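The primary structure of each chain is shown beneath.
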Amino acid sequence: MKTYDDPELQAIAVKLTSDDPGIRRVAVMDLVDSGEPEAVELVIHALNDPDTNVRQEAAKVVDEFEAADMADALIAALGDNDEVVRNSAAHALADLKDPAAGEPLLKALDNSTDAFVVSGILRALKPLRLAGAQSPALKCLSDGDPRVRREAVAVLGWLKQTENLPALVETAQRDEDPEVRRAATGALVYASPQQVGQALIGLLQDGHWQVRCEAANSIGKLNHQAAVQPLMDATKDQLWQVREKAVDALGKLGSTDSIPVLGECSKDAMSNLRKAAIGALGAIAHSDCRPFVEIAMDDPDPDVRKLARWAMSKLDAAA
Amino acid sequence: MKINDIPVIETDILVIGGGTAGPMAAVTAKEQNPDLNVMLLEKANVKRSGAISMGMDGLNNAVVPGHATPEQYVKEITIANDGVVHQPALMAYATRSFPMIEKLDSWGVHFQKDETGDYDMKKVHHLGTYVLPMPEGHNVKKILYRRLRRNRVQIENRFTATRLLKDPDGNIAGMIGVNTRTAEPIIIRAKAVIMATGAAGRLGLPTSGYLFGTYENPANNGDGHAMAYHVGADLANLECFQVNPLLKDYNGPACAYVTGPLGGFTSNAFGERFIECDYWSGQMMLEFFKELESGTGPVFLKLDHLAEETIEEIETVLHTNERPSRGRFHEGRDVNYRQRMVEMHISEVGFCSGHSASGVWTDETGATTVPGLYCAGDMASVAHNYMLGAFVYGQICGESAVEFAKDRGEPKLDEDFIKQELERIQAPMKVADGIPPEQMEYKVRRLVNDYLQPPKVTKKMEIGLERILAVRADVGQLCARDPHELLRAMEVQSIIDCAEMAARASLYRTESRWGLYHYRVDYPEQNDAEWFYHSRLFKDENGQMASGKRPIADYLVSLGEEKDAYRKMRVQKAANG
Amino acid sequence: MPIANHHSSVPVIVDEDKCIADKGCTVCIDVCPLDVLWINEATGKAHMKYDECWYCMPCEADCPTDAVTVNIPYLLR
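Residue numbers (the numbering used here), protein chains in the order written: chain A, 14 to 332; chain B, 241 to 817; chain C, 366 to 442.
Derived by calculation from the structure, the hints in this document are not laboratory data. Computed from a predicted model, the values in this text were never measured in an experiment. Wrong hints could be hidden among the right ones.
The calculated lysine-lysine pairs, modelled on PhoX-like cross-linking and capped at a C-alpha distance of 25 Å, are [as the list claims (entries may be wrong)]:
(1) B:K362 with A:K234
(2) B:K353 with A:K234
(3) A:K249 with B:K363
(4) A:K173 with B:K343
(5) B:K353 with A:K265
(6) A:K110 with B:K343
(7) A:K28 with A:K15
(8) B:K363 with B:K353
(9) A:K120 with C:K414
(10) A:K234 with A:K249
(11) B:K659 with B:K646
(12) B:K242 with B:K683
(13) A:K265 with B:K683
(14) A:K73 with A:K110
(15) C:K414 with B:K670
(16) B:K683 with A:K327
(17) A:K265 with A:K249
(18) B:K659 with B:K683
(19) B:K363 with A:K265
(20) B:K242 with B:K659
(21) C:K388 with A:K152
(22) B:K382 with B:K343
(23) A:K280 with B:K353
(24) B:K659 with A:K110
(25) B:K670 with B:K652
(26) C:K414 with A:K28
(27) A:K234 with C:K410
(28) A:K173 with A:K152
(29) C:K410 with A:K15
(30) A:K234 with A:K265
(31) A:K327 with A:K234
(32) A:K173 with A:K120
(33) B:K700 with B:K646
Counterexamples of contact, computed for chain A against chain C with all Cβ distances above 10 Å [stated by the list, open to error]:
(34) G35
(35) I36
(36) N66
(37) H299
Here are the simulated distance ranges between beta carbons [claimed, not checked]:
(38) A:V97 with C:D382: 12 to 22 Å
(39) C:I368 with B:Q666: 46 to 56 Å
(40) A:S205 with B:R573: 47 to 57 Å
Built from N, CA and C at the ideal position, the CB exists for glycine as well.
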């Protein structure tokens, strides 16, 4: 066995050879307090311990160390038969953010089939924004497991490459999992309105309310002017949460055509919606907004009144 | 060198307090010059100490390009603090805020991002966008600890500092303290000292009556405020108390910044919003307080109108970050966010610049009025700093301290003072038949509640001061049976110092300002002609607690029309007023 | 003045069957910001010695064997 110059690390190394897994486990916990770079070797060693509890403990402390020093060991740990070990390894990998880990991650992705492992690797690849991640991520969009598809969407979203838009649109429209559709809808904001506008308008009719919210949000971010009418329709959605996001987006688009429906929303029973509506009317700041804002100056809800005063100052400034 | 047989430990930079600002200060000093000896002293254990021991669920004051400008931020914080701010210090924060977010991000701290990797900023009110959620913010302490080890900062856990040391020229020279488990004293000589000891959170008594059920981590009991006072540093605006909204009986934050972007809000008993004020400020707290006392009170956190998916998201964030025992508290009372509103209340009073503006006077370089002594985080006087401000000022102090220590020789120590202090530290364990620290603490904090809690009344505060001084006279009777009780005995002496400071500072400023924080019933108006100043509290040449005024530095950003807009907001009636 | 001892129901419970303090583990004791957990000399296991709890949970969250439970102190419950 290797010996270490640092006496504390050496003492831990000795404990790690104990026959008692309880003592080995405590030794792993002690590694966290070592400032020695060589402590990482012992963590990697413990990740391969025969005892599950020791491996779990090692996996729990991996994020106390610089993950770049143990990328390979962490990727291997993604395939551990214990879920706690796999989870911790996946989280530590995601924190890596070290371009040097890119190659081993891509290689591991190529060799992995387990959904948990694949999604863990994708999550780690995401912040690295590697061009080499594009093609495997596109492939993963048709994986059978929604966790994999969801992470693949994120990888592609962070890459912001125009050529991936058709695939993301397809996912946003057709994926059977609402969270995957929602993520893909959110990822479309790096496009131009010409590229994804029509798709986003369609997504305002998605079966799941959170996808509809995300679509309205993305339309607002893209300032997709052709979506005014569909957004106006969305202000009649059965859920106030969707109506609120549609109203926000209409404020961003700034079309005077939307003033009457925004005015309707400014009288709604749900105060959160009234707030959003007055905010949007203030953003548009056209004289036709004034009657609604004037009524809102006496709204029973102080947040609405606050926004009404702000909207009134915008109207006065525009006049 | 030894004093009373105790070896003097030598270091270049000493950081006292290992919570948020302290580790950042220590790491920064090492980054500036890896050859320096940097020691980080912590009363608990750096791994899980300070206000963010279990992480943080979001930034309230992120100045991110494209969403807010430093000028906007400085303006808003100035208005929220009724003008009494040191704008250069706010500006230093505001301009460094985003680079700090990027630094923390590169270290592995999780900020919420959208599906393309951009920061997912949330607009909580219409005046600016400063909220950046951190739904997975529970790993902040781990990341700091990793950085400390990587940079080879020397960590000393379980030591509490009791007094700072000065050299004959009045420059900082180090500190004296005691081990909380062995009662062994420690003497440290340092060329520069950074204090980051957090809020004075054990000043008022929580409504539950449980001494440690405070809003702040109770390890943050105002040691730093007391030490700064005794070493001769100025404290500023201490009458601007911290009072925060929280869940009734459970000292968890109200989390408007978590629930707000998702549609939740603070309501009265009828489920209606009532807060007119758009800033986190004493004004907002005054509205909260009035609603609590009114016929439409008390106050609630309303989430029962939200969708199931949204409530699950809120529960995940609130029950895993910052104060995770919250879920257990609700279970015990059979409270489910889906079915009923959650009763809220206001916290006990304290000193905390993270949420208000009081503390040890610090300028834009983190410097106090004692050369070589720097302060960061909740104890320093930079207003509304929150967690990100603690990081930024930790960094600023780290840089400033390295610069100060650069050409300095070994500071000379005042041995007589050290011997006196050793006697003070050792005294409680020599008393067998006296007053336990817990009883003395309960008494002084109960007096703070009875006499100093706003609304403040002059005569009551005078009585309170007299009674607090009477408790001080009992300090000689403090007894401690073991080192742990000795820790509490030293802490209660800091608490008494803070209580006296709270009383004197509040009596000094004969006007009302900062909404509820300094609401004096017999001086109900803000009086800019006489009181547009920082108040000073300091030890005068006779060793007496004295007060004074510090002029407000010229504004870097003028307030313009928004100031009037804010004034107009204040006179509006409440919903059911 | 003479001193009396008074009883207090403490919020932190340690399951002695699960606790591995006897193997050298001091995680809960290390992470407590208020230093209220100590080794019980009689059993070699961790216990709450002082009723000064902030129910902040690191002791429970960081315990390697899930031996620690943090309850809300009775006065707040």
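For each hint, the structure was consulted:
1. B:K362 with A:K234: Holds, at roughly 13 Å.
2. B:K353 with A:K234: Cα-Cα ~15 Å, so holds.
3. A:K249 with B:K363: Roughly 24 Å between the alpha carbons, so the hint for A:K249 and B:K363 holds.
4. A:K173 with B:K343: Holds - the C-alpha atoms of B:K343 and A:K173 are around 23 Å apart, at most 25 Å.
5. B:K353 with A:K265: holds, 21 Å
6. A:K110 with B:K343: With a Cα-Cα distance of about 12 Å, the restraint between A:K110 and B:K343 holds, given a limit of 25 Å.
7. A:K28 with A:K15: holds, 13 Å
8. B:K363 with B:K353: Satisfied, since the Cα-Cα distance of roughly 14 Å is no more than 25 Å.
9. A:K120 with C:K414: violated, 52 Å
10. A:K234 with A:K249: Distance ~21 Å between A:K234 and A:K249 Cα, so the pair holds.
11. B:K659 with B:K646: It is violated: about 29 Å lies between the C-alpha atoms, which goes past 25 Å.
12. B:K242 with B:K683: violated, 38 Å
13. A:K265 with B:K683: violated, 57 Å
14. A:K73 with A:K110: holds, 19 Å
15. C:K414 with B:K670: At roughly 22 Å apart (the allowed maximum being 25 Å), B:K670 and C:K414 satisfy the hint.
16. B:K683 with A:K327: violated, 54 Å
17. A:K265 with A:K249: Holds: A:K265 and A:K249 sit about 18 Å apart, inside 25 Å.
18. B:K659 with B:K683: Not satisfied, since the Cα-Cα distance of roughly 30 Å exceeds 25 Å.
19. B:K363 with A:K265: holds, 14 Å
20. B:K242 with B:K659: Status holds; Cα separation ~11 Å.
21. C:K388 with A:K152: This hinted pair is violated, its Cα atoms lying about 49 Å apart.
22. B:K382 with B:K343: This hinted pair holds, its Cα atoms lying about 15 Å apart.
23. A:K280 with B:K353: The given pair, whose Cα atoms are some 33 Å apart, is violated under the 25 Å limit.
24. B:K659 with A:K110: violated, 52 Å
25. B:K670 with B:K652: violated, 30 Å
26. C:K414 with A:K28: violated, 29 Å
27. A:K234 with C:K410: violated, 57 Å
28. A:K173 with A:K152: Holds, because 17 Å separates the two Cα atoms, which is no more than 25 Å.
29. C:K410 with A:K15: violated, 33 Å
30. A:K234 with A:K265: holds, 8 Å
31. A:K327 with A:K234: holds, 21 Å
32. A:K173 with A:K120: holds, 22 Å
33. B:K700 with B:K646: violated, 50 Å
34. G35: The claim is violated: A:G35 sits with its nearest Cβ about 4 Å from chain C, within 10 Å.
35. I36: Check fails; 5 Å does not lie beyond 10 Å.
36. N66: violated, 8 Å
37. H299: Consistent with the label, A:H299 stays out of reach of chain C, its closest Cβ about 52 Å off (over 10 Å).
38. A:V97 with C:D382: 12 to 22 Å: Holds - the Cβ-Cβ distance for A:V97 and C:D382, about 20 Å, lies within 12 to 22 Å.
39. C:I368 with B:Q666: 46 to 56 Å: Since C:I368 and B:Q666 have Cβ atoms about 19 Å apart, the given range 46 to 56 Å is violated.
40. A:S205 with B:R573: 47 to 57 Å: holds, 52 Å
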